Amino acid sequence: MAKKNPVTYKEFDIHVGLSYAGSEEQYVKFLKRYFSMIQGKTKRIKQCCEREDIEEYTMEVHALKSNSRLIGAISLADEAEYLEQCGMSGNVEEIKKKTPQLLKSYKALKELFSFIISKEEQEKGDLKISPEETKEVYKEIIEALEEFDIDTADYLLDSMMNYELSEAQSEYIFRAKKKVVDFAYDKAMEVMKIAISTL
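All residue numbers for the sequence shown refer to our numbering, where the first residue is 37 and numbers rise by one.
Treat the hints loosely; a few may be bogus.
As a list, the in silico PhoX-like pairs of lysine-lysine whose alpha-carbon atoms are at most 25 Å apart [said to hold, decoys possible]: (1) Lys-146 to Lys-223; (2) Lys-164 to Lys-68; (3) Lys-68 to Lys-175; (4) Lys-133 to Lys-146.
Rather than coming from a laboratory, the hints here were simulated on the basis of the structure.
Fair warning: this is a prediction, and the values are worked out from it, not measured in the lab.
Based on the provided sequences and hints, a complete structural model is requested.
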């Protein structure tokens with residue numbers, strides 16, 4: 037009996053992901069970081085929807101949109117973009133109606149590529165990161181913003197939400213994410229430069 041091909045997902049384009057990553061090795065790194073974020077991001081999106089925190093909800097789906105496009109998950113990115121627009125227009129009714137389907141699609145993508153990350157990695161929750169590693173990621177975020185590579189900046193900011201950070205550092209990340217959503221890229225860079233100086 038022929039083995040079923042596990043890589044089948046509506047509008048998933050690996051070539052798009054590779055074009056962003058630049059190499060297969062970097063693409064696999066993107067995928068691993070993306071899938072390490074799924075558990076935490078799913079929880080945050082659901083909580084924001086339930087408590088009608090539209091500002092934070094909009095930031096979360098904005099980042100999901102950008103991150104999904106980076107790996108080539110076009111269909112999921114389009115779903116997230118629609119809900120981002122709903123958030124920006126304050127359409128709470130549509131958000132509550134469509135969010136369950138978004139999370140269902142997100143879960144399907146996780147199951148599709150579950151072979152990329154070990155079970156232990158998927159279940160261990162928040163990740164550890166050293167101050168030195170944090171500083172390097174912050175520098176990458178600033179560089180991406182300077183080059184107007186907003187998808188990468190979004191992706192890196194979102195990935196930092198899954199690490200164990202101090203309350204102050206978490207606040208810097210949240211503020212920078214909000215500035216990016218508001219297209220205030222210079223302000224986002226200022227926030228990240230302050231964050232680096234406090235490490």
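Now for the hints, and whether the structure bears them out:
1. Distance check on the hinted pair: Lys-146 and Lys-223 sit about 33 Å apart at the alpha-carbon level, beyond 25 Å; violated.
2. Only pairs whose Cα atoms come within 25 Å are accepted, and Lys-164 paired with Lys-68 is accepted, the gap being roughly 15 Å.
3. Distance restraint check for Lys-68 and Lys-175: the Cα-Cα separation of roughly 21 Å lies within the 25 Å cut-off, and the hinted pair is therefore satisfied.
4. Among the hinted pairs, Lys-133 with Lys-146 is consistent with the structure: their alpha-carbon atoms are about 22 Å apart, no more than 25 Å.
In summary, the structure is inconsistent with hint 1 from the numbered list given earlier, while agreeing with all the others.
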